[in-house]
Structures are given as structure tokens and as C-alpha cells.
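S.K.: Those protein sequences? They're chains A and B, same order as listed.
Per the working numbering, residue 11 is the first one in the first sequence, and the count goes up by one each step.
Per the working numbering, residue 24 is the first one in the second sequence, and the count goes up by one each step.
Just to be clear, a hint being listed does not mean it is correct.
[Unchecked claim] Pairs of lysine-lysine, DSS-like flavour, derived with a Cα cap of 30 Å: (1) 422/A with 79/B; (2) 505/A with 759/A; (3) 351/A with 365/A; (4) 365/A with 759/A; (5) 54/B with 50/A; (6) 759/A with 553/A.
To be clear, the hints were calculated from the coordinates, so they are not data collected in a lab.
If you're wondering where the values come from, they're calculated on a predicted model, not measured in any experiment.
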Amino acid sequence: MATNKEQTEPPRWADRLLEWFVSPYLVEDVQGDLQEIFYKRVAQVGISQARREYGWAVLHYLNPFFAKPHHRTGNLTPYPQFSSLHPAMIRNYLTIAGRNLVKNRAYSVINILGLAVGMAVAILIGLWVNDEWSANKHHLNYQTLYQLKMNQTIDGYRSTGDALPFPIGPELKAKYPDFKAVAMCDWGSTHSLIVGNHRFLKSGRYIGPDAITMFSLKVLKGDQEPLNEPYSIVLTDQAAQTLFGQQEPIGQLVKLDNQTNLKVTAIVAKQPHNASLQFDYLLPWDLQLALDKGLRAYVTNWDNSSWACYVQLKEGIRPENTNAKLKDLLVNHLANDPNTKKIRKPEVFLFPMEKWRLYSNFSNGENTGGFIQYVRLFSLFGFFIVVIACINFMNLSTARSQKRAKEVGVRKAVGSGRQQLIGQFLSESILMASLALVLALGLVGVGLPFFNTLTEKQLVFPLDNHFFWGILLLFTVFTGVLAGSYPALYLSSFKPVTILKGSVFIGKQAALPRKILVITQFTCSMVLMIGSIVVYQQIQHGKNRPIGFTKSGLISVSASPDLLTNFNPLRTDLLASGAVSYISQSNTPPTALWSSQSGWEWSGSRPEDKAVSFKTIATTYDYLKTMGIQFKAGRDFSRAFATDSSGVLLNEAAAKRMGLKEPLGERLKWDGQERRVVGIIPDILMESPFHRVSPMIIVFYKDWVNVLCLRINPALSPSAALAKMGPIFDKYNPGYPFDYKFADTEYAKKFNYEELIGNFSVIVTVLTLLITCLGLFGLASFLAEQRTKEIGIRKVLGASVANIWGILSKDFLQLVLISCLVASPIAYYALGQWLKAYSYKIQLEVSVFILVLLLALLITLLTISYQSIKAALMNPVKSLRSE
Amino acid sequence: MKRSFHGGFEEVVLLVLAACREEAYGVLIWKMLQQQTSRRITISAVHAPLYRLVEKGYRSSQQGVATAERGGRRKRFFLLTALGNKALLEILAMRQQLWQAMPDGKLQLIGQ
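This is chain A alone, in the form it adopts within the complex (with noise of 0.2 Å):
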């Protein structure tokens, strides 16, 4: 039961709603006239009636008009009032922010310095992640572009690749009404192109001719509809520029790998280096059928896949109904087999061009990403190293909010609103980000051509872009903001009488959330360490793994028809000329293995290990001995005995998958032809040395061989036995430079993707200290200057130097190791995630942890030991007397 007092006033909420809302200097007018109005309906209509009113009533002044914080009735100020952003007040900001700079140089430098660094490494990633984000989209039919993919159950796994079988084109040209273009194309090649008596090595494709118009092409001089006719050749732009210099290219001869001669018809501009079609020149899909007698016997084979085919979609059309359509295309033409319906199941799907670059992962024939994980995952150092320099922003101008605490009372008891308060320090933020744009501007132009190298990237700075331009305003709007958001909230909320009573206001409550701030920072800086640690261990894990042959002195060549002709003519020569000790044939290089055979059948073997697949390497004599192999059991392919033409050698992990028991001497069946067991090998590693080897196969076959492989004579310096080698070649493959690969340098490229990570965390790791260590610095001088007196009087109490430095090291310490608590949960299971693509890995280990906290703590004190020691050895008359 309500008591009677309340049952005569007005409702209560009313009154709280009116008080929340309206604004201090009318709710006193309006509430009496109110209450007024009330208390007279009160005896007109009785009190519940009244009440009801004065909530209706109330209710009508919920409008912007009232809840305005300027109405002033009373007194209206005789000064205008100014917004806080009228170009008056930033005038005027702009000023006491550039005097302020001045008179604070040490801070504001290391302020400067500090945003400077982390917008600079933030601009190189941008630059870096828009060239990711853009490659392809050059080309006008990108939405609507596709490259034809197959996943097929290989021994029980699904596996995605984007080898298809020859007639595919032909045939989704003729049947198909969805496609608006086809065009069939190789993996691309490298061939010798001779022009009077100059040699180029030059890689291209041989391609359909849809692609010019399918992939928008940009025909530059001749026919506008290329490689129609199959003995043309289309150049780039480049290319035409390197082969013909001044000269018209249109009409000119190129000869192609010394044997055929191609009429040059179109010029096209060169791909950007972010395209994934890359090329100095095209051939005609035709051409290479001209040139290749054995080619035609798959023109109508439906089982090797071995070329790549891209579409274009007719607009409107719908992958999903296409892909639905293309389904069992395979298993249609295959019917004869029983297994490929059964095991392989081959499905041809759509696979978008938006997709080519950044999501080319596939695991069990699904898209699991790709690239775009390292794309996120420099973003985020980007945002991290910019939010770390932000921080050190906050972190020294509320430590210094001490010192300008005066300033702000003093503003207040003037007439200062908390409006403009805000917007002086944001100015002074933004002015800052301003300067430290500039400078990180130059910063990114000096650092850039490094970074190109580090990134293998052809990066340019978008000077003329405006839209790069304006990202760059906002961003630094952006960071100015940021960095100046929590000194002008925090700075502007002082109430004037506390401050300038002189009361302290600097508690542990104020310090907190610098603490914070300071934990976050190194909480970034302790995972970024961590995981540079982990990947360079990584890293050396993988190149620390035995590979099983030597691939120091053992360079290949790719061999072109002459060479192959002329094998045994040449390897004479280079045997007598001392510059090799061995040379043998193969058809893939040492540090790859480019193919694969399934339909092997062993004692023992199902009907359905038919569709295991091993990986093959196809070679002659003395191959084991090039590339430095030591046997397990058996013996290499011998001259001496004539069956060995019928020979195979297993690896370790073949054998296993087959279980055999005694695998040598054992007849495996395959293509129709038994083939004995002569040898087993190691598990060697050719392809990436973070993942198991595969089962593989070496079989004798002399017509499948392209690539030699040489073993340099260790007693002869690799410069000089190349110099002996050149003439040799160029005796017998006058139509080809001398091109040859290191493969310990083709080796090494198996960590590009491992070294980048490396490098940038590395790069990203430093800077993020320096950019830490350097607000440490500017916060541990501010701390210091604070405890001066505190300082003095522990001297004269008899505090030694070394009690003094170990008082203002202490909380800083403590800080690093609430961080290092943090930051260990983060980087074990970040790189634990991380660790999992790879089946050949490290552990993590704890002393990781304890090496970076102990080199977290050390640069730490290194870092405030200038300032604490310099305060620790000051005068304490000095600094006692002022009081």
C-alpha cells in the first residue's frame, strides 16, 4: 500500500525520466510548471487522473529540442559559443598542438618515431595484401572465368587436381551450350626461341585460341584473333622488345627450339606480375600436335590426364547447374573400366577464378583455403604493429596527464567546454599521425625495393592513385584518433576544482590502465617472438632432414630433342672433358617428382590397388649414382645385365604400401609388361620436406626421358666445370643455351612460403620491440621524473643506487611477467594451429618460452635502466630544494 504522501505527488519515473533527459538548465522550469499544472488538475480531477496526465505530459518532452545541453535561459553568455569544430577552434588548436610539440621535443619524437614505424610496416603490408587481393582482376571476364578441376579417390583419399584429359575441350565445346569459351592449354614450358643468331630461353603455352578474348588479352599490334594458324607465335610486348628490339615484330620468323620455324602474328601486352597466367609467349593448341607425332594417340585418350583447361561461362549461367551437368563426364567416357566408376569416381568441377590465388588448397576434394591464411595472418600483424605504436601514444601522454592536468583545470576554469578540451588533444593526435605519416611515407620509399625482395613482389607506391590517397588520410584520421581517443577522454573528464586544489589524483587507479596497455603491448611483442623462434626452428627442422641424396654439385638441364638424340655422344664428351663424374636421364628434376602412375599390380595386390598411385621417375643408366643414392638392398640398372631394361627399383615407402616382404626380385606387373625388382632405395626427398615421402617407383623407360641430370666432378670448382661443360652443349644443342639448375638452389625455394613467414616475423617482431621499448623509455623517464622527490629522499635516507634502480626496474618486471603469463597460452596454441599442416614438425618446447622471457626481461631493463640509473644518481638536493 502506497503511503499518502506518494499518492499526492506526481509519479515518480516521471520525474527521474524528466531529470535523465531533459537538459540541466531547464529542468527546473519545466518540472515546476509541471508540478504546477498538477496540483491544480489534482483538485479538478482527482489525483489519479492528475498523475496520468503528468506522465503524459512528461512523455512529450522526450524530443532532441530539450535534451540539447546549450540552452541557457537563465544568462545567456555574452561570448559565442564556438563548435568545437568550427575553423576558428582548429585554428586554434593547431597552433597550442605545434607549440606544444616543440616544447616537448623527446616525446614527441619518440611519439613521431614510434607511429612513424608502425604506419610504415602497416602501409608495405597494405601495398602487400592489395596485391594479393587484386591479382586476376585485371582480366574483364573475371566473374565469370574457370579453370576445370577433378577430384578423384586415390587409395581411399580424395585428391584434387587440375590435370584433364586431352579431348575434354573438344568435347565441352561441342556438347555443352553453357560455355561461351574453351580453351585447352599445357602447364607452360620453357623453349628456345632463335632469331637470326640470337637465342632466347623463353617460357610460354600452348593454348586455344579462345584464350585471347576469354581471358581478355590485350592484342597490341597484328591479328586481332591469334593463334588460329598453327605455325604462329604470339609475343608479349617484352618479349617482342628483347627479340627484335627497334624492328616491326609482325611477319618476323622465330625459330622454335632450332626445328620449327614460327611466323610472329599478334603482339599482346604483358600479364602484370600478380596474374596467374604468366608468359612471354603463346603457340597455338594445334601447333604442339604438328610437332608431336606421339601427341595424337591422346587427342581421342580418355585416360591420361595431363592438360589444363580453362572455360568462360555464358552470363547468367550458374556454376552449380554446370558443375551438376559435368559430373560424370569421366566415368561416362571411362565406362569400359570398372574401377573408375568404383573407386576413382572422377568428378570435373568448376573451379572460379576469384579463387585461383588465394583459396588453392584442397584437402579430401574439399577447398580448404590457401594463400588467404597468410594474407590474414599479415593483416593482423599490420593491425597489431599499428595498435602497439597507438598504444605507446596513450601510454606517454596519460603518463604525462600529470603535467597537463593544470593546463586542463585551468581550460575548465575559463570556460573551457569538455568538447573542446577533446578536441585540442585529438588535434594534437592527429597533428602527430600527420608528421608520422610523412615520415613513415619516406620510410616505405626507402623500405620498399627491400621489401620486394623480401616478398618477391614488383610492389610499386601508387603515387598517382587517389584512392590509395585518401586510405591514407583516413587511415591517418584513423590512427590519430585511435591513439589520441583514450588522453582525451580521460584527460577532459578531470573536474577543475580537484585539479587545481593540487589534490593527487594519480593513484594506483590512474596507473591501471596503463598497466594494461603496457601488458598488451608485450603480450603482442612475447607471441610475435615466440613464433619467430618456433618458425626459424621449423624452418631449420626442414632443412636439417636427411634427403637422401647429395644435392650439393648436381645441377639439371632440361633436355630438348636435340640433346636427347645426341645423349650418348654428349655424355662421352662430358665424361672425357673432367668436368662430370656422372650424367644419367630422367623425366623429372632432383628436387620434384612430376609423375605419378597408378595400375601397377604386385603378388598379393587387390583388384582395386590397381588405382593406388606411385609416383614414378622414368630414367636410364647410372641415375642413382648422379644424384648420390645409397642402396637399402639390390643393385642400380647395370649395363651388364640386358634385363635390367625391364627393371624397377622401389623406395622404402613403396615397398610398405605394396607389403611386400621380400621386395627384391619381385615381379610387379604394370602397362602390360612384368617388370622385376633390381633394387631398393631410402625414402629420398624430392618434393616437400615437411611432408612424408611417397611410395615411388623407378622404372627403366628410355622414351619417357626429358630432363639430364649431371653430378659435377668435386675435384673441379662448379664455375670451372660449368665454363668446360658450356662448349660441350652448345656442340650438341645448337638451338639452346646453356641452361642449367642448381639442386641445392631449386631446393632451397621448397621454403619460400616458410622463409617469408620467417622473414616478416622476424622484420614485424623487431619493430614491434623497438616501437615497444621506445614508449618503455619515454614511459620509464616520465615515471622517474615523477618520483623524483621520492627519489631524493630514499637518497638522503641512505638508498643506495642500486636499491633505487632495483625500486623503479621492479614494476616493470612485474609487467613483463604477467605478459609472458599472457602471451605463452597464445603462441602455443597460434602455432599449434599452425604446426598442423605439417606432417614433419617440430614440438614445441618450454624453453622457447623461458629463452623469450628472459630476453623480454633483459631488453626491458636495458631499456629503463638509462632512465632509472639516471634518476637513481641525481642530486637530491637538487631535486629536495624546490620544496
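Place chain B on chain A using the hints.
M.R.: Relative to chain A, chain B alone:
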């Protein structure tokens, strides 16, 4: 006229204030407005133009003493400023000008 009225209602409020014989405050003005226009008006609809007029400088205000009938709150008395005075005169002049500019026969037509 440099500073125009926000709406006709503001002008009416200003006129009511000018016509007020006693010291004018919110409730009084509200009552007079209802009498003059013979319409029901919510009190908030009076407060808004009142404060707007203060912002424009047509009216000044001062606070009176607290009274019990207002729950212990002070009254705010509104006074016409010189600027407000001038504005009213300007409006009057403008209206008169327009009335005089009106062709003779037209008012009858409108009146009908």
C-alpha cells in the same frame, strides 16, 4: 528581416508575452494561449518556442522565488527584450504593408 520566426506559433507566443499584464511564466503563458486560441495545447508545446525565443535573444528571463505549489521549484519569468520588441514591430510593419498593398476588392473575395 534578418532573423525570422521559426513558425507562426512562436510569433503568437511572443505576442502573448507582450500582452501579458502580470509577470509572465510558463503556466500563465500556457493558460493565456489556450484562452486566446481556444485550443488545447500541451505545456511542452509552449516550452519549446519559449526557449527557442530565448536562444534567439527575443526574450530574457529571470528566476523568481521557490513556491510550494511548484514542488519547491522556482518560477522563471520571461521578459520581452528590446530585440524581441523590435522583431514584433517589424512583423507588424510587414503585415500592415501587406494589408495596405492589398487591392481593394480582394478582401471581400477572401472574406467570402
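S.K.: Taking the hints in turn, state whether each one holds.
M.R.: Hint by hint, here is what the structure shows:
A C-alpha spacing of about 26 Å is found between residue 422/A and residue 79/B, which places the hinted pair at or below 30 Å, so the restraint holds. For the proposed pair residue 505/A and residue 759/A, the alpha carbon gap of about 63 Å is over 30 Å, so the pair is violated. The hinted pair formed by residue 351/A and residue 365/A meets the criterion: a straight-line CA distance of about 29 Å does not exceed 30 Å. Distance check on the hinted pair: residue 365/A and residue 759/A sit about 24 Å apart at the alpha-carbon level, within 30 Å; holds.
Straight-line distance between C-alpha atoms of residue 54/B and residue 50/A comes to about 12 Å, which keeps the hinted pair within the 30 Å bound. Straight-line distance between C-alpha atoms of residue 759/A and residue 553/A comes to about 11 Å, which keeps the hinted pair within the 30 Å bound.
Of the numbered hints stated above, the single one contradicted by the structure is hint 2.
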